[in-house]
Structures are given as structure tokens and as C-alpha cells.
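Visitor: Chain by chain, the residues run as shown.
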Amino acid sequence: MENLEALLHGFTIALSGDHIFLMLIGVLLGILVGVLPGLGAPNGVSLLLPLTFGMQPVSAIILLSCMYWGALFGGSVTSILFNIPGEPSSVATTFDGYPMARDGRPTTALATAFGSAAFGALAGVVLITLSASWVAKVALAFGPPEYFAVYFVAFASFVGMGGSPPIKTLVSLAIGFALAAVGIDTVSGSVRLTMGIDELVKGVSFVVAVMGLFGIGELLIAVEDEFHLKAISSKVEWREVFRTLFGLPRYGWVLLRSAAIGCWMGITPGGPTAASFMSYGIAKRFSSRRANFGKGEPEGIIAPETADHAAGTSALLPMLSLGIPGSATAAVMMGGLMIWGLNPGPMLFIEQKDFVWGLIASMYLGNVVAVILVLLTVPIFAALMRVPFFIIAPLIVIICTVGAYSVSNSYLDVVLMMGFGILGYLFKKLHYPLAPLVLATVIGDKAEDAFRQSMLMSRGSLGIFFSNTLVTTLVFLGVALLVLPVIWQALGKMLARSPIRP
Amino acid sequence: MMISRRSLETATALLTGAFGAAVVVSSIGNGIGWSASGVDAGTFPFIVGLIILSGSIFNLVQGWLEAGDILLRPSELKRLAILFIPAAVYVGVIPLIGMYLASAAYVFGALAWHKRGSFVFAGIAAIGTALALYVIFERMFQISLPRGLLGDFGF
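Protein sequence lines, in the order shown, are assigned to chains A and B.
Residue 1 is where the first sequence starts when you use my numbering, and the numbers rise one by one after that.
Residue 503 is where the second sequence starts when you use my numbering, and the numbers rise one by one after that.
Relax, there's no trap hidden among the hints.
Here are a few chain B residues that sit away from chain A, every Cβ distance over 12 Å (derived from the structure):
(1) MET503
(2) PHE621
(3) VAL622
(4) LEU651
Here are the simulated PhoX-like pairs of lysine-lysine, each with C-alpha atoms no more than 25 Å apart in a straight line:
(5) B/LYS580 to A/LYS429
(6) A/LYS446 to A/LYS202
(7) A/LYS428 to A/LYS295
(8) B/LYS580 to A/LYS428
(9) A/LYS295 to A/LYS429
Hints are computed from structural coordinates only; laboratory data are not their basis.
Since we're looking at a predicted model, the values are computed, not measured.
Note that CB positions come from ideal geometry on N, CA and C, so glycine has one too.
Let's have the full structure, built from the sequences with the hints guiding it.
Guide: So this is what it looks like as C-alpha cells:
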């Protein structure tokens, strides 16, 4: 009850003309950086930061956090329309969002994504409202072994899925891990796998790999069959947007489960990217329409989008309550907090009630603003799908090139991006799965660091992964996710065989 | 020219295998195993490299044993080349003439060359592309793109 009262007070702060205007500006700029690959929420937030120095802290955080919401929504747009994830966390959305749009249903795909994203964000904010003070305790219990166990669960839920040849899956996953290891090793500080190229010390950026693998790779696949050369002539209909939105409750169970995964991964700093992959993997495993996944299945859009936004929203909780930024964007925002003279941490909730609850209230309003704005722009984005291929193809090449360059002002990244494009084409053509590679590139080094830190703590004993209830549960969950499909398959075969016997 | 599944599988397995071998060799220098500072930096990449290498050998054999059905016909190869070669040239000339000129020329070439394209439209699209890049990156987000020759003339 105390929290609800504080929230109502927060709404009185957030609901002013100035603040609504700031929300609009923030969301619009956020959508822009989200749509452009290479530029992401961290870039946008850092560029706006200097503008906020003269503002009230509440106004400043409203502007920045709304930009973050906008970027989360915008990232899904390019994933669905061009198979280029605008943000790391929207990679899993490409798996089913892009096939659906390609089959002439871009409006349905976008509306499904935005609708479920809004639900995920709402779940995240409700969670923050109810548990703001309690969560600090949970997150404090997380050490390196628990981190590793969370990443292990993320990998397990995604990798054991099957469908692709197992050895090819393994090679793809291992290449991702190797790419994540390139550059400076964060534990020992030594330089790894640069192959004599000094510039590789900065590592292989995830964005560069993804733009090549998905953007250029998909373009090469698409140009092969004449299919793409004809423009998609689907009409954009508002009725379709609403019909999709009102149809979402049919997937209630998927929405709830994905939101729960997202919230859990947001608070325990697994992050939105791991959350969306994990949610997609679990949805695919338990869905009755498993065969449809990867071909434009609505559940395949709902699961990652809901989890992504639930995690993105609830990730602000550890930042505010503990001072641990869950993501790059949260880190930049935390820098802002300190410049405005606030100290993130448990005391923030006691000393700066207006700021904290004003921010939480603005999350409700900001997400509503973001959903409305992004739905209004659906027809514009969907119309892009009707531009003929011979015009869109060079534009995609340019977007990927400029995007790869802008990651760290490096021409080497552009060359790498083209290399990844060829690799993506070969892999796709020969049924190597790309998802394990991408997942390993994103969280591979974090998982490795967590494992090595745990080993340091335990002086080389694996027993540390069974040292308390939390970590043991997580490890067993991961193992179960890996092993269960194999057992089910074996059981299924036995059951199928038994009636034949007399 | 036709390309069979067998040759494409072989080429890909050789590519990933070479990468795996490079990872293995390169990580030996970082130290493998357990030392006073915990798990050595090279251990993890070394194991990963071995997995890539052995997996690639498996895929190589598997791909070689597979039926040699045709994966890429001449018409498909031609379409691939038409997309990829200009894109590679575009990326290749960026250090020389800069991102703006290269992008504009690429858009102009791609649109004017197409049978449905017109020179006027191609010209407008080319200038529009360069301007959009300038406004979004240089102005709004203050990321300066490489200018190549343009930079020499004081732009």
C-alpha cells in the first residue's frame, strides 16, 4: 500500500505539460536511434546527456528513460522489416518477425511485436512498483557462480532445441565463443586472438557481426530467388493493426511466461538480450506449433519481444536500488544521476522519493506514449516493405556499412562486416544455425569471466556451482533444459513403437 | 558454372576449420591450464578452437559423403555476383573517395543500371542518400564518416 501511495504521488509529478512534451521528444529520438543499426540507446542517451545538465533531475531522467523505451521499440522495426536487428536484444525477433513480414504480413508482424512489447514493459513496471524495496536483497545474493548459472540456463534453453545438425550447431556456437574472446581478456588483462592485427584489440563488436550475418547474408540469400525482386503489394490497414492487438490475449500464457522470464532476467542482471533468446527458446520447445517456428509464427514474435521489454524495464531496478547498471544504457544513465547530484543505491529510495517515484510513474506514461507513437508509425514502416528490391538492396548495404563504421569509427569493422556477410550466406545456405553463434558472441565473454571468477573463488573446484540453493537450482534447471528434450524424444520413440508389438 | 552442395560444404568446413586452427595456435601463446592467477587466459579459447577444428573435420567428411546435388545454378550465381561485386567495390573504395561520394555513386550506379531506373531519379536518390548520411551522422549524432578525397578539398 505504501508503494501505491508513493506511486500516486509520482504521477502528480510526471503528469505535467513539460514532462509529457519531454516524453514525446525522448521517444521519437529513441525510435530513430533504435531503427538505425550501429546507433543504439547508449549512443542516443550519451548525446542527450549534456543537454540535461541544466534540468531538474526528474525531467532529465524522464527524457533519457523515454529515449530508452523508444530505442527498444525502434530496434524491433528493422529486425522485422529488413532482418537487421537495430539493437542486440531484438535479434531473436528476426527469427519469426522477418519471415512473417516477408510473406506479406508486415503490419501483423509489427503490431504483434509492439503489442507484446507493451505488455512486457507493463509487467516490468508493475514489478518495479510492487517490489522496489524488496529486490535489492535478491540481487545482492548474486555472485560470479550465480551469474554463470544464469548464462548457462540461457544457453541451455536455446541450444538443446535441435532442428539443425548437432555438429553444425556446435561449430556455430564455438565460433561465437571464439569471437567473443577476441581482444583484451578482462580477467587477466592479456590480449587474445588478435592474429597479429593490432586494431582487433578492441574486440569484434557484436553489432558488426550481426549486421553482416543477418543484413548482408540475408540480402545474398534473397537475391538468389527472384521472389524478392517483386514488391510486396500488401495494403496497410488500420483494421489489421487493431485486429492483431485484440487477438493477442489468445496468447495469454505465452505473454505471461515471457514476461516472467524477462522480469527475472532483468533483475538478476542477465539482461534483455539473454532474456529474449531464452524466452524464444522456451516458447519453441513448449509450443504445440513448434514446426511453424522460424516461418512466421506469432508466438515466435511475442515471446522474445515481451521478454526483451520486461527485462529492459526491470533492469532499471538494480541500477536504482543497488547502483549496478544492468546494461550500457543504464550505465550512461547512472553517470547522469551522479552528475545531477544523486547517489544511486538503497538510500536513493529514502532520500529522493520524488525522483524515484516520479521516474516510476513516468515509466507507465512513457511506455503508453511510446506504444501510441510507434503504432502510428507502423503504416510508414510497413510501406517501406513495398519499395522495390533493386532500390532497397543498395540502401541495406549502405546502412550496414555506415552502421558498422559508426560503432567505433573503424574501417576494419566495415571489412569484417562484409566477411560476416559471406559467412552468414554460407551458413544459411548449408543449414548451420546462426542463433547460437550470435548468442555466444553477445554473452560468451561474460559467461567465461563469471566461470573463471568462480574458479578463482573456489580454487578450481566445481563444487562452487552447488554451494547454495540458488545456484544449485539454476544449474539443475539448465541441465534439465539440455537433457529433457533428449529424454522426451526417446520416450516418444518408445511410445510410438510399443503399439506395434503384439 | 555450377556449384554443388558437396563443394560448398567442403569450402565452408575448410573455412571454419582454418579459423579453429588459428584460434588454437593463437591461444597457446596466452597460456593454457591452471596457474596462480586461476584459469589461464588461453584455456577457454583453446578448448573452443579444438571444438571448432574437430567439428569442421566432421562436417568436411560428412559434406564430402553427401550427394553432389547442384546448389547454385548459373542464373543464381549471376544474380549473386550482380549484388555482391558492386557492394564489395563500394566498400573497397571508401578509404579512397570517402563514405559520402562512394555511397552516392553506389546508389546512382545501382539505380541507373537497373532496367526500370531513370538517370534523373538515380541522381536525386544519390544526392539524397549523401545528404541524409550527413545530416543524421555528422550533424545529429556527431559521428564523422570518412571523407576521403572530399576531406582534402576542405569539406
